[in-house]
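Asks: Chains as they are written, first to last, in the working numbering: chain Z, 7 to 327; chain G, 7 to 327; chain S, 7 to 327; chain Y, 7 to 327; chain H, 7 to 327; chain V, 7 to 327.
Bear in mind the hints are in silico, worked out from the structure with no lab data behind them.
One thing to keep in mind: the hints can contain errors.
[Stated by the list, open to error] Straight line, CA to CA, 30 Å or less: simulated DSS-like cross-link-like pairs of lysine-lysine:
(1) V:324 to H:263
(2) V:30 to G:16
(3) Z:289 to V:263
(4) H:263 to V:289
(5) S:263 to Y:326
(6) H:30 to S:18
(7) H:237 to H:131
(8) Z:49 to Z:18
(9) G:324 to Z:128
Bear in mind the structure is a predicted one, so any value in this text is a computation, not a measurement.
6 protein chains.
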Amino acid sequence: MEQILIRELKDKDPVDALFLVKEKNVNFGKNGRPFMTLQVGDKSGTLDARAWDRVEELSREFEIGDIVKIKGQIQLFQNRRQLIIHRLEKADAAAGLSFEDFLPQTARNSEDMMAELQQIVKTVKNDFIRQLLLDTLEDSELRPMIMRAPAAKSIHHAWIGGLLEHILSICKLMDFMGSHYSFLNRDLLLFGAIYHDIGKIWELSYDSGIAYTDRGRLLGHMQMACELIDKKASRILGFNEELRDICKHIILSHHGKMEYGSPKRPKFLEALVVAMIDDLDSKIATVHGLLQNERASGDRWSRYSDLFDRYFMLDDLKEKF
Amino acid sequence: MEQILIRELKDKDPVDALFLVKEKNVNFGKNGRPFMTLQVGDKSGTLDARAWDRVEELSREFEIGDIVKIKGQIQLFQNRRQLIIHRLEKADAAAGLSFEDFLPQTARNSEDMMAELQQIVKTVKNDFIRQLLLDTLEDSELRPMIMRAPAAKSIHHAWIGGLLEHILSICKLMDFMGSHYSFLNRDLLLFGAIYHDIGKIWELSYDSGIAYTDRGRLLGHMQMACELIDKKASRILGFNEELRDICKHIILSHHGKMEYGSPKRPKFLEALVVAMIDDLDSKIATVHGLLQNERASGDRWSRYSDLFDRYFMLDDLKEKF
Amino acid sequence: MEQILIRELKDKDPVDALFLVKEKNVNFGKNGRPFMTLQVGDKSGTLDARAWDRVEELSREFEIGDIVKIKGQIQLFQNRRQLIIHRLEKADAAAGLSFEDFLPQTARNSEDMMAELQQIVKTVKNDFIRQLLLDTLEDSELRPMIMRAPAAKSIHHAWIGGLLEHILSICKLMDFMGSHYSFLNRDLLLFGAIYHDIGKIWELSYDSGIAYTDRGRLLGHMQMACELIDKKASRILGFNEELRDICKHIILSHHGKMEYGSPKRPKFLEALVVAMIDDLDSKIATVHGLLQNERASGDRWSRYSDLFDRYFMLDDLKEKF
Amino acid sequence: MEQILIRELKDKDPVDALFLVKEKNVNFGKNGRPFMTLQVGDKSGTLDARAWDRVEELSREFEIGDIVKIKGQIQLFQNRRQLIIHRLEKADAAAGLSFEDFLPQTARNSEDMMAELQQIVKTVKNDFIRQLLLDTLEDSELRPMIMRAPAAKSIHHAWIGGLLEHILSICKLMDFMGSHYSFLNRDLLLFGAIYHDIGKIWELSYDSGIAYTDRGRLLGHMQMACELIDKKASRILGFNEELRDICKHIILSHHGKMEYGSPKRPKFLEALVVAMIDDLDSKIATVHGLLQNERASGDRWSRYSDLFDRYFMLDDLKEKF
Amino acid sequence: MEQILIRELKDKDPVDALFLVKEKNVNFGKNGRPFMTLQVGDKSGTLDARAWDRVEELSREFEIGDIVKIKGQIQLFQNRRQLIIHRLEKADAAAGLSFEDFLPQTARNSEDMMAELQQIVKTVKNDFIRQLLLDTLEDSELRPMIMRAPAAKSIHHAWIGGLLEHILSICKLMDFMGSHYSFLNRDLLLFGAIYHDIGKIWELSYDSGIAYTDRGRLLGHMQMACELIDKKASRILGFNEELRDICKHIILSHHGKMEYGSPKRPKFLEALVVAMIDDLDSKIATVHGLLQNERASGDRWSRYSDLFDRYFMLDDLKEKF
Amino acid sequence: MEQILIRELKDKDPVDALFLVKEKNVNFGKNGRPFMTLQVGDKSGTLDARAWDRVEELSREFEIGDIVKIKGQIQLFQNRRQLIIHRLEKADAAAGLSFEDFLPQTARNSEDMMAELQQIVKTVKNDFIRQLLLDTLEDSELRPMIMRAPAAKSIHHAWIGGLLEHILSICKLMDFMGSHYSFLNRDLLLFGAIYHDIGKIWELSYDSGIAYTDRGRLLGHMQMACELIDKKASRILGFNEELRDICKHIILSHHGKMEYGSPKRPKFLEALVVAMIDDLDSKIATVHGLLQNERASGDRWSRYSDLFDRYFMLDDLKEKF
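Put together the whole structure using the sequences plus the hints.
Replies: Rendered as structure tokens:
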């Protein structure tokens, strides 16, 4: 069976494919009969699905986070595609399926991005910072996590490889910032670019859907990044406590304000720039993603965005003017 | 008389020079005798000055904003220089003195900056936007104002030529942003860089000190920039109302939030980027200036900054690591 | 066919009438069959309507903002009337139907209100302000817009003619304020009464339902009112820039606080009074409307009002005490 | 000795008069010798005064709130008048001096205002409310307090008779509101006008300067007004608990928001209107007073007002346009 | 018929029992047929119930707050029990049913709690405060109300007897606070413990469900507690106004901040401690209740709590470590 | 020379004693001559001091944080004592003076408090938590720091030994909380009591006055306490990561809200209780200290407290009622 991508499904298409279950609800209509609403996904997107038959049985067979095989058909209502489920069964765990194939993925090649990142790290002048960064990126346990982790649960870069994409984008911005504002320490900017969100490799789980881990909820990615600094720096001869504290401060302050979860406000320029550029890259990615989604509607204005407390104009201004 | 610069005055130096009066207070000590405290300035900085003799007479002879000739001597108290006034008289208006020589100035050459800016404008692809920007920069009335205006009353780029410095810095940032985020309309970013604060040429007066104008207080620089768009665009054949509105929106929304004085929140990505990059360049300039001043104290931490609600670390991290 | 008014429909009534479609949703029940929920309106009110047959077909035939002919019957559930749709077709565009007949209307006669308003304007003493106001009200393009525009999308005076009603109410309040507080400039108060919301004639569209226009979203009614001042004042000999700025400030500051979208806080008493009286008249109209609606429930307390963050008591205190 | 009014004193005038001491500070200059700074007042205004001789002795002889006899002379510094004290002694308590003669006073006649108020109360239609109001105004203990109390410690109507002025102004506004918005219960509006701040007769002391009482700080004027309702209403046959609660709610909610000290938000229109009209009359009086003071400076813009978070324009617009 | 408790009902159980109706909604499915959703309760908990037959008839027979007899069966969907209604009729009012038997109840014996409370009150040293508290608890009208009232509508101690439970818990905390912080007046702490929420006996009705009364909405429990002090204290010889005011202040300030509805902030330590300990006991009870409910899900983390703006960890840490 | 305590100095007393310099300012009077204002302290309190002779010389001889020997005399102005300096010299560093003798001290014996604390720790049931706490208190480096550190720079327990006092007070409160709310894990409460502020031993320096350290400003006491857990727990066999995370969460969340500097909100009851009881003990100590100071004035109400945004009543209510 060749896997059809969700992105390509059209009205009336028959479906016989594997999906990851992302949401699952059972409700019931009049006369007590239940129906089931799912959100299923593959690497190309997500789709609503519904079933009316044998719902109770079906419902017991799988949970959110399982991969299921669904036969059914696409129906279009109000310009949105739905998958009407005829048959559904849990995929055989023994079949060697990889959850990763069902999660959204970065559009770029992670190996390429990592190589590009390492090239940038090699331009760091301070020996201790460079060593810290290289030891981190080349750590055989961390490296694959950095290459796979998403940068967020749902807001921006919320896909496999998203963290690395976000890090690399900020590194390039920092490279420019370092030359545009000549009084800034470029090494610390690059450190901040790479380490500010690195704790997300442990804050989020991303094996079968993206979710917060227990440690993520209890400690957060900042605390875990600080612990990583201690671990790595203690193995670098001459990495003194003062530089460690400067590095930890950049991490602890990168949300910019205490009400956003930073226990410390940025207290020197490089920490301030890390916080502002992180915010810039995140906001642009978030809004760009939001506009891309909304443009499918054909309207000139987006639906109301609670996150941004406004309607966005959907015109493609690059095209238009 | 050769003018000595405030920046260069040292303890015990005799003084016989012209200064601009920036603040003026008369208080009085025990037994009813008044003394006068001034803040005087020249292009290189500001200085406190005090007089104890003939204060009432002296006080009637000049006002804030006048240029005065002072004879006296520098005294050092608590590591701060003070000018003890022996004689003071208002400078002869007929002597052809230029207030500009007594205000802080950009460290760069305004003609060079303007030339650089015009080069950037010529790379704007949209004919209407490019024409609007060129007509603005080449307007014989506006051009000298844009070259002289400060970008703010006191916070950042608060000196003659500061507006142009701020505009040029943002243009370069926008040039990078336009290539880093390929989906952005670079022409609109450059428009925003140049026009977002252009109303400051009317919002601030900067002939004898920097102050708000009546129009600045009643309307603000955003409103005046929108009026300038109407004036300029109405003379460009084919500049339609839709593009005008897009341009006006970028201006009206560039403070980012309503509570910061923007009547509209940014509703498309280019407007959001203009607001964020303006904030970035302003904050970096503000903090950089603050740190430069504070470093003179020799302390490791700044005094408390009310504006930023924190103490800043004064280490020069570029030097240190 | 004589048009029956929504206000008068009762349980079991057969319906065969024209309505404006204000909301339209297609959902579907068990076994995949869709049903359609509409909100339809005429000049006397709004009504929920539902259809279960041929929903997909029906759904393709019309959009929100269309006038449709519906045959069906009223059913009462939980004391609320619903229109069960038996047949529905889009009204013939060629039939010369006027959308205006399907929108809520002011209870007063717009010509009368306009006449009354002009009488008040004639009592303005300052020649320039009076001329500006007369030129505006007598402008053949603007006059019908001022007579038709609503004062808001949904909160208060949200009906055809609502703007004029709101303007006239405030003019009368200002007439009293001017005499009660003898130090106030009555002419500026009346100017503010008439011009503060006049930009709503362009901020809102009200041809087929009340909605925000693109210009409304990008610029807002304050900016557009300022542009109107420039346009009108430039044709009045001797109308100087200082008075223009005073007038513009009244408009720009009439939301009272920056977080409510005013780029300037009121900086003189007349501007402050315009902001406060606008708030007073709007709030009273809003709460009065809310109470009128809620009283239909027969309860002593309203449902929770998110807008006002409270429950309102529904007793008619004028009647009661 | 004929009492000279502070309002009329000019530079170089000799002074020999009685004043109320409003502030008193002893500081000392170089060589350990103290000097004394006072603020003294009479019914026409306040004045700064200074003494350099026998300060310790002098300081022991009187306190803030005493009436003192001062001989000295007016000196002008920076356009502000100061009283240089040559001799000072505490006024003879036995001399029958009335503190009231040294506090700022309403410009109107309190008897006239009270008579006008009673006329308005007689137009209240509801027998119970009218009786409550008449019983309150005619109470031999309360009546003189209502006629003398200020409406605030310092912000607005902060003078003897200010409360009555404020009450009367709001009554007239309410008379208009009741006819302009015909659905409002005018009796409740008038009740709110008279009772909302009546607790200030106990919240403030105003015998020798205006200050908060202990009960004012612990309970506040709302709580004390509610207790007055209970006391008065319990003596009016047929005044039921429901009307009492409505009246108490108007008082308890008249600050409009919980963060302004109202334990309840206004929950019906009359309560809302009382809160809004109180705010209107107070703000107008406050800003009008502030502008009057500031205009003495001859500047076009006021000093920064912390209370309103802005600079005010000082032009007399009634005069100007 | 023996009453089965909701707490004990399991899947497939037949039901024939009396319940209190707490919520009632009629919706309708496809083809215009309505169905009814209820929330019913007894003293052990609440249950969702549904009916599809004769819904219109049924719906007219009873209202929220009625006791109804239901025959039907329990069905389990998504691990939640539902009661499928086969027959329903309103219970016979003449049958002597007590609503109290259908409301949630304190787990403790109210007589025991009251006895324990009275023992504590007898340890109050100040004669006036002790007498005030005893007179209150022994008042034949108030005593049964204090023993039955809930402490809140829904957040914490929201059951019959909850107020007394809350009062007793705080009394014990205050007993400790009084000895731990030896400078505190224990009598005032105990007064605050007992009186701070006593107005809830009138603010809430709890005969057929817990709801706000009209007086509760208009005045609030603080105002009513102050009135009770006046009533009780006026009958105790020598209970002076100063102590009354101290007591009233403790009540009026016990929400701690004006934005939480306290017209006064706590102005002495005992008032501050009453506010903080009330907050402590309420928050602990609220979160403990929330966690108990959520643990039924079997998850490690609670659903998002809007009230606390967070997810809670559900581990029983007392058990675990 | 026997050291006289500041607390005991009275008007006219001659002074010849050692003091710690806490503040130092040089200003100058009329005719250019400087004078010096100091705040000096010993373990019993602080005192203002002034010098007029040889100020420039004197000023160069010592800095804030030095111990100086002063000869002079007490003078009383406005009921406040001042020390008039006749002679001043820096104390001989070789004289073996201890800064500690010049800082405010806990009124209790630190050894006794530590012994009491260890007794409480021995009642902790969980072996890992008990071991962690004992290892911490018995650590030969940490123990003396815990016994000396203040709990804050200025707000509460701001004296040598203050941290231990605060810890012990909370331990006793937690002991009660654990029994009053039987569902709480008492071991975690005691852990939180001891560890929540333990990082203050590094956040504050307290050798010559209390001040923030660099690490304190960059990382804060929460981060440093988490590092201490890692260090200590890694040496306790079987102390698993889950318990570490629970412990760290209690520390990271103990400020209760993100805007108060906690990167995480409390997510289980024990963490919430630690945050609330810390707030309770700190606030009571702060207000109690404030009231003690203010009572010296003899007024009934305190000066305005910016920290608490109110005036406090100064009556000793324990004494009074």
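Asks: Find the hints from earlier in the document that the structure breaks and name them by number, from lowest to highest.
Replies: none
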